[in-house]
Structures are given as structure tokens and as C-alpha cells.
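Sequences are here, hints too, so could you generate the full structure?
Taking the numbering used here, I'd label the letters of the sequence shown as residues 45 to 213.
Since the hints were derived computationally from the structure, they do not count as laboratory data. Careful, some of the hints might be misleading.
Label-pair ranges, simulated between beta-carbon atoms [unchecked claim]:
hint	residue 1	residue 2	range
1	Pro167	Ser57	34 to 42 Å
2	Glu94	Glu58	35 to 43 Å
3	Leu89	Gly129	17 to 25 Å
4	Gly129	Ser195	25 to 33 Å
5	Ala160	Gly197	13 to 21 Å
6	Glu109	Leu80	17 to 25 Å
7	Leu80	Met208	21 to 29 Å
8	Glu109	Lys47	19 to 27 Å
9	Lys158	Ser87	39 to 47 Å
10	Ser87	Ser149	32 to 40 Å
Glycine included, each C-beta is placed from N, C-alpha and C at the ideal position.
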Amino acid sequence: HLKIHLELGDFESEDVLRRVLRELSPSVSSIGMNELELRRVCSVLSVPFEDSPESMVSSARKISEILETPVVVHHPLFSFSAGDGIDERDLALGVLTASTKASFSEVTPENARKMALSAELHPEGLRAVERIGERASAAFPSILIRSFSTSVGLGDQFSAGYMMSVLSR
Numbered sequence: 045h046l047k048i049h050l051e052l053g054d055f056e057s058e059d060v061l062r063r064v065l066r067e068l069s070p071s072v073s074s075i076g077m078n079e080l081e082l083r084r085v086c087s088v089l090s091v092p093f094e095d096s097p098e099s100m101v102s103s104a105r106k107i108s109e110i111l112e113t114p115v116v117v118h119h120p121l122f123s124f125s126a127g128d129g130i131d132e133r134d135l136a137l138g139v140l141t142a143s144t145k146a147s148f149s150e151v152t153p154e155n156a157r158k159m160a161l162s163a164e165l166h167p168e169g170l171r172a173v174e175r176i177g178e179r180a181s182a183a184f185p186s187i188l189i190r191s192f193s194t195s196v197g198l199g200d201q202f203s204a205g206y207m208m209s210v211l212s213r
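And the structure:
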């Protein structure tokens, strides 16, 4: 069974985003976005948005219903999914991959192992996941990064880890 993940980005206009969602969402297995992209998708689809973990989950669930596609949201403190077929393992590998990139600038097996062995979950992320509770299909806190080597491309790294997990099942 073919799996296609659509990772959103910073589109030039809401019209372009609307067209991408309309034309591609029927063909994809999941749609990923960060919290800023979530806000923009909410605007395009006329879904209410508030900047709290609980409200973000409610918005993502509504988007998932409208587009009939599971939604994955990666936030600096936590990640979550709305819709069927995505579980905590998928989010956890996304978090580990992005955290490895953030800490070491390069994702290698050795760096990922070091990250996994020293990982401390972000306290604010843990609280957010607790607040989200059963509202999300799955939720996972971010790893606390004390010293960033890079912050560029972390959403893409999250998506790569997420898809590795999805494809391994």
C-alpha cells in the first residue's frame, strides 16, 4: 500500500495553499504542518484557531474531517496527530530525528543513539501532552535541547523520522 505524506510549507498565498489542499489531499496518506502552517490552513478552511495545545488539536481534528486525511502537527514543544492511522511511535521517531539534527547538525546512527540515550523530554511539552489528553489520536513531547547546533530544517527532519516509522509497519 503506497504511503504519501504531504508536508506543508510557506506558500506564496492562501489561494495557492487552498489549491494544494484541494488537489492533493485526496491522494495523500497524511498531511504534516507546524503550528504556523496550522494557523494558515485554519484561515483557508475557515476553521477556528487559538494558540493553545487543546485548541490546536481541535482545529487539526476539524481539518482532518474536512480533508478526510490524517493531520500531523509538529510544534517546538510537542507533536500530535488527528485522524486514524498515526500512533505515538511515529511521532516519537519524528521527535528523535529532529532532535538529533538540532543537537548534532547531522542525523547519523551514532548521533541518534547518543540523542536517544541522553534524551530528556521537554517539561513544557510533557505538560502540553497531558493537557491534550485523549483529544488527539496520538501526542508526544519534544526532547529538551540545551544547545542547538542548528534550527534549520527541523520540521523536515521530523517528517523524515515520522515517515520512517510509518513505512516500517
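Here's how the hints hold up against the structure:
Between Pro167 and Ser57 the beta carbons are some 38 Å apart, a value that agrees with the proposed interval 34 to 42 Å. One distance hint, 35 to 43 Å for the beta-carbon pair Glu94 and Glu58, is violated here, with the actual separation near 19 Å. The hinted range of 17 to 25 Å is satisfied by Leu89 and Gly129, whose Cβ atoms lie roughly 21 Å apart. For Gly129 and Ser195, the hinted distance range of 25 to 33 Å is satisfied, since their beta carbons lie about 29 Å from each other.
Checked against the hint of 13 to 21 Å, the C-beta distance between Ala160 and Gly197 comes to roughly 20 Å, which is consistent with it. A hinted range of 17 to 25 Å holds for the C-beta pair Glu109 and Leu80, which are about 21 Å apart. Checking the proposed 21 to 29 Å range against Leu80 and Met208 shows it holds: the Cβ atoms sit about 24 Å from each other. Take Glu109 and Lys47: their Cβ atoms lie about 21 Å apart, and the range 19 to 27 Å holds.
Under the hint 39 to 47 Å, the C-beta atoms of Lys158 and Ser87, about 40 Å apart, fit the expected range. Under the hint 32 to 40 Å, the C-beta atoms of Ser87 and Ser149, about 34 Å apart, fit the expected range.
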